[in-house]
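A.B. asks: Please build the complex by placing chain C on the supplied structure of chain B, with the hints as guidance.
Each protein sequence line maps, in turn, to chains B and C.
With our numbering applied, the first sequence corresponds to residues 174 to 646, in that order.
With our numbering applied, the second sequence corresponds to residues 174 to 646, in that order.
Hints listed in this document are in silico derivations from the structure and should not be mistaken for laboratory results.
One or more hints might be untrue.
Same chains, same label: a pair holds when it works inside one copy or across any pair of copies.
[Said to hold, decoys possible] Calculated pairs, BS3-like style, for lysine-lysine (alpha carbon to alpha carbon, straight line, at most 27 Å):
{"id": "1", "residue 1": "Lys248", "residue 2": "Lys369"}
{"id": "2", "residue 1": "Lys413", "residue 2": "Lys252"}
{"id": "3", "residue 1": "Lys252", "residue 2": "Lys510"}
{"id": "4", "residue 1": "Lys369", "residue 2": "Lys451"}
{"id": "5", "residue 1": "Lys514", "residue 2": "Lys554"}
{"id": "6", "residue 1": "Lys451", "residue 2": "Lys366"}
{"id": "7", "residue 1": "Lys494", "residue 2": "Lys366"}
{"id": "8", "residue 1": "Lys554", "residue 2": "Lys413"}
{"id": "9", "residue 1": "Lys554", "residue 2": "Lys248"}
{"id": "10", "residue 1": "Lys252", "residue 2": "Lys235"}
Number of protein chains: 2
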Amino acid sequence: MKRLINLAAGLAASMTVAAGAAHAAAAPARGLPSQWTVYSGDIEHDSAFKAPAGAAGAALNKGVTWRFAEANALKLSDKLGKDAAALGPRTAPVKTTQFLGNAVGVTVVGDVVYVESDSGYVYALNAVTGRQIWRAPVDNAAMGDPVVVDGRVFVGTGDTGFSFSQILRAQSGSRAGLVRGLSWGGIYAFDAKTGKQLWRFGTRGENMPSECYADNTLYFGNGDGHMYALDPATGTLKWKTPIGGFDSMSSCTIYQGKVFAGFTDPNDLAAVDLHSGKLVWRATFPNVANTGMGDNSPTVDPVNHQIVQVAVANARVTGGKSSVNTAVLGVDARTGKVNWKTLLGRGASPPAYKASVAMVHGGIVYVSSPVTNRLYALNGKTGAIVWQSAIPYPQVPGLGRGAVTFDNGLLYQSTGTRLFAWNAKTGALVHTLRIGGRFGIVNPVIVGNTMFVSNSWGWVFALPVATVAGSKA
Amino acid sequence: MKRLINLAAGLAASMTVAAGAAHAAAAPARGLPSQWTVYSGDIEHDSAFKAPAGAAGAALNKGVTWRFAEANALKLSDKLGKDAAALGPRTAPVKTTQFLGNAVGVTVVGDVVYVESDSGYVYALNAVTGRQIWRAPVDNAAMGDPVVVDGRVFVGTGDTGFSFSQILRAQSGSRAGLVRGLSWGGIYAFDAKTGKQLWRFGTRGENMPSECYADNTLYFGNGDGHMYALDPATGTLKWKTPIGGFDSMSSCTIYQGKVFAGFTDPNDLAAVDLHSGKLVWRATFPNVANTGMGDNSPTVDPVNHQIVQVAVANARVTGGKSSVNTAVLGVDARTGKVNWKTLLGRGASPPAYKASVAMVHGGIVYVSSPVTNRLYALNGKTGAIVWQSAIPYPQVPGLGRGAVTFDNGLLYQSTGTRLFAWNAKTGALVHTLRIGGRFGIVNPVIVGNTMFVSNSWGWVFALPVATVAGSKA
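This is chain B alone, in the form it adopts within the complex (with noise of 0.2 Å):
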């Protein structure tokens, strides 16, 4: 069922938030995608919304179809990427998946699809016709989904890398203070019309967590460990918190007068306060393995008021094979303490990303692992798993990294080398489509009857959702 509700444009932007209380102006538009305030669009991580009125919504409500191709794309027919000679078949998807293609999905706000690759671009394609409008230039890979809020593109650059003195840290034992990010990392913004650069605001570490944005203040965590508030305006630094460790993968979020990301060594979900800068509480899990916790994007779960958090947990490794499993934790959003933890099953250490994304809808968290290869509901208030199925093709390591979307009764899903529609009651895979390539952290991105995707292999698809639920010739 698509959310009907539906925020004027710019109103979530422009209120004004009574500090420390609940408010809406967090919560993203969830109906017509006037803007996109936060990671897949929307708190919960459901990334289904209303077509906008006129011609082109008509287009989406019906379903369109088109494919882009951005620089540097690899064929569709590849099987693992670029230099697979030289990287083999586990290292090679992943290097794709980090810089030359998309690592999640994509941005959409009115009829303008928008989209950060890898290869150092930031697009604007017709959601209908799939064609070009601009393309802008950035100075590093971008990887996150572009916050897109009054005719403004906020675009994070930066890498998965490490300098060597960050390797000569790491081999004097001290596991904390690490900078994630070796080259280039900056915010940008763009004008959403032109795709002219506005301003850059450039950091110490990496800005691959996609920022998130309220009351006229853009948000985000970065790889520098800290957490910033800068002017979506002019780029102006309005405050800048250290939490420590590096937010590796971990968008933002906003609830309750607080944004929340996830950071690594220590392994902390930190919740600072909107206006002050100040941190009001961090809640640090115990046994999280590397990245997981600022690998993940905490979701709001706003039935239970709780930020629903993954975390990599338990490594062990037994007669030379390395494993782990996936924790996924209900956190108070007003106190940080920890209403329940599920464990999703051990398994075998998936390559690079080992966290995935959960999405909340009306209190169901639904959350994959990419170390079991499958797909979970649980109950959010208790934890208690409602049902499971195995993701198929488990012979691509890693499924489920992205969010699912909800629409209409079922599940969407994009991950390893194909899309999946599943019952959201029951769990009952309903239909599997390849459409080439290969997905990273990608959720499904759904306007009207017209779903948007973006792959590691550098490519942007819509199709009509009905194709992907089995339900059209």
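C.D. replies: Just chain C now, with coordinates in the frame of chain B:
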């Protein structure tokens, strides 16, 4: 005095080597630069060449003046480089050298200047006018000077970074087996006339060092700890020999039928047979600090039949301050036995690249130390210091990283923010010139009476040698 040996174009490349014997084939043409087979165009790292015949040569003999701004070039008045506000005065110039501008000097063949930029481009510029002939994109930073032989331009890509798995390896206490290079690593061949890409060979580690060429084979050591030999026409692998450690910025050289490069962790100078790919010897030096061996490009001293290698040595932390020494070693090219070792003096550890590139001219070793900020002349037979001079302006840390160039009794040096001319016999400073920007590991290339230099801010300059010598108004 300019070298007058003038091999016919292509001769060195097509000659067959008698294995194990000294041979002319490995030595680049030292007169007319009709090809460029090794870092700095000369196995002695002495980049002074006769001008080519014809009108272009006449102009270069007179001395031309131009400057060329590459993509992303900074203002020449910029003092600390990109993102200095976030990175600080020690890190900003390093990052700019590694990810924006030109890490080392240029290549000149005929009347064309070939330049590799960290911003991901290779340029061919008209040597007389500075106008761009072509620009070719590559997939990561290009930090060497291109090898150019028989109408093909060879370029390596790679970066200084490490992946998170290398951090985990370092944290486990292991120093061996680290792979350097985060994003793409590749060797490219381009058509010298058009810039058309002919082939690309992907590697696991970075290819920051320059390649070297002999006997219709392209050689290189790289970040995955191997020495490679490729067919220059097709990019096909001829052989690949594991050395261990990583070659960071040690550009290979060729002498007496062997290819030489330095590696870090273990800190070895390796000599590999050109034809069989077999390791002939490896010299391990005690107390070498990171990454001095894998960063240093070996220099051939043909008078004393030895390899001159610089190593960052005897690292020490006293009162929280780390200091190092700079060791220069004369190593028997046939056996790997150390003929002599000279310590240039202790000082504060400079940021990033801590080594320097030696230049040999007439059996004298000219080498700077970025630790003492001094330039030295050493007797090549004994290693005894003949003279030493302080490089002025030591407020810029890490002076003297690039090789100096000998021309008409003077030594030319590009370091810090300035060009210097020194009396080669006495070490007396003759002239200094500031042209804006900042130099990385840059050797001045002299053709006729024109000097070519590139810098960390993304600029290439041509200027009359007399201007640098101070002999012209």
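A.B. asks: Does each hint hold? Answer for all of them.
C.D. replies: Evaluation of the provided hints:
Taking the closest pair of Cα atoms, Lys248 and Lys369 come within 27 Å of each other only across two copies (21 Å); inside a single copy the shortest separation is 30 Å, beyond that limit. In this assembly of identical chains, Lys413 and Lys252 lie within 27 Å of each other by CA distance solely across copies; the values are 26 Å between and 42 Å within a copy. With identical chains, the CA atoms of Lys252 and Lys510 are never at most 27 Å apart, being 44 Å at best within one copy and 49 Å at best between copies. Proximity of Lys369 to Lys451 under the C-alpha cut-off of 27 Å is found in neither arrangement, the shortest distances being 34 Å within a copy and 55 Å between copies.
Only within a single protomer do Lys514 and Lys554 lie at most 27 Å apart by alpha-carbon distance; the minimum there is 11 Å, versus 71 Å between protomers. For a Cα distance limit of 27 Å, the shortest separation of Lys451 from Lys366 qualifies neither inside one copy, at 35 Å, nor across copies, at 59 Å. In this homomeric assembly, Lys494 and Lys366 never come within 27 Å of each other (Cα to Cα): the closest approach is 51 Å inside a single copy and 52 Å across copies. Taking the shortest alpha-carbon separations for Lys554 and Lys413, neither the intra-copy value of 34 Å nor the inter-copy value of 58 Å comes in at or below 27 Å.
In this assembly of identical chains, the alpha carbons of Lys554 and Lys248 never lie at most 27 Å apart, being 45 Å within a copy and 58 Å across copies at closest. Taking the closest pair of Cα atoms, Lys252 and Lys235 never come within 27 Å of each other, the shortest separation being 32 Å inside a single copy and 57 Å across copies.
Hints 3, 4, 6, 7, 8, 9 and 10 from the list above are not met by this structure, while the remaining hints are.
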